[in-house]
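Add chain Z to chain W, keeping to what the hints say.
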Amino acid sequence: DAKTTQPPSMDCAEGRAANLPCNHSTISGNEYVYWYRQIHSQGPQYIIHGLKNNETNEMASLIITEDRKSSTLILPHATLRDTAVYYCIVSGSGGSNYKLTFGKGTLLTVNP
Amino acid sequence: NAGVTQTPKFQVLKTGQSMTLQCAQDMNHNSMYWYRQDPGMGLRLIYYSASEGTTDKGEVPNGYNVSRLNKREFSLRLESAAPSQTSVYFCASSSKRTSGTNEQFFGPGTRLTVL
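Quick note, the sequences are listed as chains W and Z, same order.
Per the numbering used here, the first sequence starts with residue 54, numbered consecutively.
Per the numbering used here, the second sequence starts with residue -9, numbered consecutively.
This is chain W alone, in the form it adopts within the complex:
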């Protein structure tokens, strides 16, 4: 699976959009981009995934660049409860996609 690079930490003001970047320059054609988050001491929570088109669900939006070498997770109106570590993960869709490789992620702190 391709490796991802994320900033170690980011801050965001409550009510503003949080934009979390991720680089995955070695991503291959059949690999998806997944985003998970982990609120302190809890199990990780799936947020969203995408292949090449932008995706949106009730939690967030995922913007993937045309060359697929980077992506941005957008939380449109961040709240204090969105303070968490956010993991960007690249994983294939074939038989090897059982493995999610978690890096250190980005600690997003939402400030009042």
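If you're looking for bench data, these hints aren't it; they were derived computationally from the structure.
Please note: incorrect hints may appear among the correct ones.
Stated by the list, open to error - Dumping the calculated DSS-like pairs for lysine-lysine here, alpha-carbon to alpha-carbon at most 27 Å: (1) 4(Z) / 152(W); (2) 86(Z) / 152(W); (3) 47(Z) / 61(Z); (4) 122(W) / 56(W); (5) 61(Z) / -1(Z); (6) 86(Z) / 56(W); (7) 47(Z) / 157(W); (8) 105(W) / -1(Z).
Coordinates of chain Z only, in the frame set by chain W:
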């Protein structure tokens, strides 16, 4: 619908003791996983079970054994606990969608300390 449940929530062991961590899911998922998370680190895969009756090693399998008891349950056993196994253990489950993607759902974790 409880999702993924894990027992116990906390456990303290002495070096050399054995124990089994239990995990169950009620989402009818085919695949189940065990991860460990050390302080300040991301999760590392210990073992996984792609489907009932199969298990495979992950990134850090040494010192652990697993049993996929049935479709719902996947247990992790430490035969002779070592201080290096002090960690938080997370169980997860998933079912592959027709697109081939694989969103995993995680339990609340078991916090294990080995003295």
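Structure-based check of all given hints:
{"no.": "1", "hint": "4(Z) / 152(W)", "in the structure": "violated, 31 Å"}
{"no.": "2", "hint": "86(Z) / 152(W)", "in the structure": "holds, 12 Å"}
{"no.": "3", "hint": "47(Z) / 61(Z)", "in the structure": "holds, 18 Å"}
{"no.": "4", "hint": "122(W) / 56(W)", "in the structure": "holds, 11 Å"}
{"no.": "5", "hint": "61(Z) / -1(Z)", "in the structure": "holds, 22 Å"}
{"no.": "6", "hint": "86(Z) / 56(W)", "in the structure": "holds, 22 Å"}
{"no.": "7", "hint": "47(Z) / 157(W)", "in the structure": "holds, 22 Å"}
{"no.": "8", "hint": "105(W) / -1(Z)", "in the structure": "violated, 39 Å"}
Checked against the numbered hints given earlier, this structure breaks hints 1 and 8; the rest are met.
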